[in-house]
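Colleague: Single-letter residue listing:
Protein chains: 2
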Amino acid sequence: MKIQNQTSVKAYKSGGFIGRYQKLVRDTVIPYQYSVLRDEAPDTEKSHVVKNFINAGKAVRGEDVDDGFYGMVFQDSDAAKWIEAAAYSLINFPDQKLEETVDGLVDIISEAQDTDGYLNTYYTIKDKDKRWTNLLEGHELYCSGHMMEAACAYFEATGKDKLLKVMLKNAEHIYKHFIEEKNGGCGGHPEVELALMKMYRATGDKRCLELAEHFVDTRGCDVHFYEKEAEKRDWTVWNSNPSDYDYMQAGKPVRQQSDATGHAVRAVYLYTAMADIASQNGDKELFAACRRLWESITKRRMYITGGIGSTVIGEAFSVDYDLPSDTAYAETCASIGLMFFASRMLENDLDGEYADVMEQAFYNTVLAGMQLDGKRFFYVNPLEVIPGISGVSPTHRHDLPVRPKWYACACCPPNAARLIASFGSYAYGENDDTLFCHMFADGTVEAKNGMKLTCETQYPYGFDVSYKIEKGGKLAVRIPKWSGKFGITANGCGIEVQPKKGYIFLDVSDGDAIKITLDGTPKFAYGSVKVPALTGKVAVMRGPLVYCFEGADNGDVLSLSLRRGGDITVGEHTETPFGEISHSTVKITADAVRRDDIDTLYTDSIPNETSCKAVGIPYYTWGNRGENQMRIWLPESLV
Amino acid sequence: MKIQNQTSVKAYKSGGFIGRYQKLVRDTVIPYQYSVLRDEAPDTEKSHVVKNFINAGKAVRGEDVDDGFYGMVFQDSDAAKWIEAAAYSLINFPDQKLEETVDGLVDIISEAQDTDGYLNTYYTIKDKDKRWTNLLEGHELYCSGHMMEAACAYFEATGKDKLLKVMLKNAEHIYKHFIEEKNGGCGGHPEVELALMKMYRATGDKRCLELAEHFVDTRGCDVHFYEKEAEKRDWTVWNSNPSDYDYMQAGKPVRQQSDATGHAVRAVYLYTAMADIASQNGDKELFAACRRLWESITKRRMYITGGIGSTVIGEAFSVDYDLPSDTAYAETCASIGLMFFASRMLENDLDGEYADVMEQAFYNTVLAGMQLDGKRFFYVNPLEVIPGISGVSPTHRHDLPVRPKWYACACCPPNAARLIASFGSYAYGENDDTLFCHMFADGTVEAKNGMKLTCETQYPYGFDVSYKIEKGGKLAVRIPKWSGKFGITANGCGIEVQPKKGYIFLDVSDGDAIKITLDGTPKFAYGSVKVPALTGKVAVMRGPLVYCFEGADNGDVLSLSLRRGGDITVGEHTETPFGEISHSTVKITADAVRRDDIDTLYTDSIPNETSCKAVGIPYYTWGNRGENQMRIWLPESLV
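Protein sequence lines correspond, in order, to chains A and B.
Heads up: the first sequence is residues 361 to 999, going by this note's numbering.
Heads up: the second sequence is residues 361 to 999, going by this note's numbering.
Watch out, some of these pointers could steer you wrong.
When chains are identical, the list treats them as one kind, so a pair holds in a single copy or across two.
What the hints assert, rightly or not - Computed list of lysine-lysine pairs in DSSO-like fashion (alpha-carbon distance at most 27 Å, straight line):
| id | residue 1 | residue 2 |
| --- | --- | --- |
| 1 | K973 | K890 |
| 2 | K418 | K522 |
| 3 | K947 | K890 |
| 4 | K588 | K536 |
| 5 | K383 | K520 |
| 6 | K522 | K457 |
| 7 | K831 | K373 |
None of these hints come from the bench; they were simulated from the model.
For reference, chain A alone in the conformation it holds in the complex (with noise of 0.2 Å):
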């Protein structure tokens, strides 16, 4: 069964939980991020990216070029994530002074483009004989994928086709040098290659796909491609090492991987970019590369947020099972690349495994990343944090208390924006005849099928998920893992389904009703015993929502155990401040036990304890109210 997710769904308008992060990321994402870009945001670092574009198309025109490239030299990437997260958010709001204010800076950025179709101002600015010179650290394919994304976001949101047209004619010449003129290698940094893939559905171009499987079967291929290309020149952006070829999952071909490796935000880009090409072409030996390296991931390398990329040395997968609560690195950015990888192997096979992470990987990791009033923003998602030792100590010293502001290296905060925006891409998806609810998000959803439903739910708070069908034709509904129970009624009366692989299927007509009932009781969860971090420990979920303990809540956080077996208790769905923030959530209450400290650092004294309780909340709502300790993984006590 093949279905297309990724902007396969006519029309996705959404309220409730999700709504309202929309509506955040409208409100105060996208305007903050585009003030950045402008250099118009107080107390931020200098970002310069639109006056980079502006200085690009003088340096085309052979202007003069009077405050140069300024910033990373993958900067561009910061305009092409904003105009993509503007792109989605125009679809459930539109806004015309947004709208004109894209097609702005869209101008600005085709004068950047060269003649010959190439678009990157480091080196249209910089030195242009150094294109194509250092695919290692140049970043020129993932500034060129960002922005082909960006392209095909906004033509789906606006029709307009002007990025479109700068972006196609960026892949001819990107499809010219490498597939024509026969230059090797593939960009150090995956990116081009899912954006291809949009490419080639946006515009029906076949050399778009072509460039695609050119890359991702290019990769690894010619394992010193890297060193070879150092050798050649005598330049540098990082001194980055050629030979980490896992850095880069170029250590072998991509169809002959097991383990995912290296950089944890390139890792899943590439594989997303995989799973897509499977599924395009039904290449089953692609598909099992992708199921390898999902499996690598999702049953040994994946902490239970969903966070992904243990180890803050190259911000990247560790080895199996080395997953530290302190010390993760768990970027946003990574989790975000999970949910693209677990959307494009839904494609490949409609499985609730994979949705199953792609929610775990949403609603902890991914909405961790921002802070409640979407002003403040992780890269670093550890699992637990401790003041005094987390931020400051030589190991932990990625690992911060509390959310920093804009970095001058911004990759999280649009990721994380443009997924939000387009989370009813990643919640539904259709075929010919059926439409399938892979997470459930109130809302309005009309497929180009012609099926259109309405969804009432108050998840992940609220248990029931009413659809009520305005079109009908073949439902397809995901069964959380998680919910071992479920009940459903349709038209108010209770039905049998068994779930098939984690989804089940109903014959709907238009205005019938139908409610899934989950399962929303609190729950343990434990580790395996292979994870050292998690012997002896145990953790509370509820639904898709992984809880954790704070110190705002419970005072001094290390000193409690949770009772195996005890009481949770869940509490009212309410508004609650988080400091000067109010946020709606519910918090939890589990039986505990807490220990009396020493005054010497070890003892042979049995410790003193007492009972109490723990108030957890949710996990992405963590260090909303300052420094304070935090943990998920707390010890089990059995008496």
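Mind docking chain B on chain A? Use the hints.
Modeller: For chain B alone, coordinates are given in the frame of chain A:
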């Protein structure tokens, strides 16, 4: 009460546990290390140490230096530490041939001394003009310090003063440069300070004391000294950061310091000198600083094994309570240095807590540093090792599951050798009328104050310690803090004596037989809840020995928990095979629980568990049976 521990006991001949280790050092470590110094050890990286001294001699005489200098900038210190170990060994085991070998090496070293007293092969061979221009990294004072220690030890062992005279001339050269010519600064790696104190005691030359005081009090006074020094030169050894003040304990004057910071070996070498000077001069301000630093280490920054310097980043102290078991650095040399510091603290203040820590460091981390056959060594002493992660994961590369062979940078093996060979000077101390027994060691002790006794004990495996008094006086014996109960008999009759600050005091006469019975009951140990890595965990100790649980005895260790309050049975004290090595040891067996693994990474089902036994071995014996799992701290099960 002032005690002189180091070099003050007239003679000590050990038997039992320590004697066996001292024979291992004599028979294996010292001969092997000498073959390394001469580049005669098979399959071992070139040392070139002896050749460096020969070549420096040629350079001094103006002859051609054919094969120049080879090795690290501190290569000379390997020869010094070997001479020092050989000297201590000669005290226990007179050996004409070894003494002749040392004499020959001393001749070579004396020829390498420049006419002005300068002695360092790196600079003498490579570039005399670079002398004293890189105190940050140059290790000139460090190498001088180690050779001074060697000179004092060899003089003590044999009465031969050739090397002592060489090093006194070297001290005069240093005195001229730093005191008379008023050149600023002190060594980036403290060491010469504690060595000058030994020189002062061996020679009575007050300039040695003055120099030691000068270097101690200079440190941290001009915070920017190393930066200014770096600006003046156009070369570097490792491109070290001169602004990383805390790394070399130079962030503020030592008398104002309160936190143990930076490279752990440097720190404790410095603190040792500070405590030595405080004792020598009755300097209460300096002792107060020592006390603060001691508490920083032992109350907040030390492993239960006496390991210190928890982070690999800079081989350094981290922040308070950051004591991860799996990524621990805990260098062998740092625990040796902690013993030096503890020994000097005892000279300031007879308090059992200093000896408790000295013993904790010795019987756990220091001994763990050496394979049971004396042939391989750990620098790094983690408290948890999981093959597949340890030594492999980017954050665990330094934590090796088995001891590597001799390193090019051979600091720990000779350091362990000299410590073991001189154990008696840490175990015993004296003043005018008292003999102090800080640690329990089988053997005969003769004090300069005329007292003489023989100690018989199977410690650390037997807990009866019998003293046969040959020449009486006052006897002070430490009662370890871990021994909550103890008994004393004098000539067979039980007597009641209450310890004062951890010591009992007895008047003993010729022929008296004193027997101390300590508590050998194995005990559970717990960490403060301020240590995140230890919450919910428990360990087992017996006497001074920390136990650990290895795969070789237990299969999968990660699935084991120890039952709270469960039985711990003590095995026989027998020769036990560790692979091809045999070692006399005692295993313990504890009530435990084994958890079944699950086939997923996470589950919401309470895991299946069954009762079992966990077998522990002393931590210092771990890693002698090939790669396998090892844990000191196990989760605690309460049922």
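Colleague: Take the hints in turn and mark each one as holding or not.
Modeller: Going through the hints against the structure:
1. For a Cα distance limit of 27 Å, the shortest separation of K973 from K890 across copies, 20 Å, qualifies, whereas the shortest one inside one copy, 29 Å, does not.
2. In this assembly of identical chains, the alpha carbons of K418 and K522 lie at most 27 Å apart only when taken from the same copy (20 Å versus 78 Å across copies).
3. Proximity of K947 to K890 under the C-alpha cut-off of 27 Å is restricted to the inter-copy arrangement: shortest distance 26 Å between copies versus 30 Å within a copy.
4. Taking identical chains as interchangeable, the C-alpha atoms of K588 and K536 lie at most 27 Å apart only when both belong to the same chain, with a minimum of 22 Å there against 55 Å between chains.
5. Only within a single protomer do K383 and K520 lie at most 27 Å apart by alpha-carbon distance; the minimum there is 23 Å, versus 86 Å between protomers.
6. Within a single copy, K522 and K457 get their C-alpha atoms as close as 18 Å, which meets the 27 Å cut-off; across copies the closest is 90 Å, which misses it.
7. Taking the shortest alpha-carbon separations for K831 and K373, only the intra-copy value of 16 Å comes in at or below 27 Å, while the best inter-copy value is 96 Å.
This entry satisfies every hint, going by the numbered hints stated previously.
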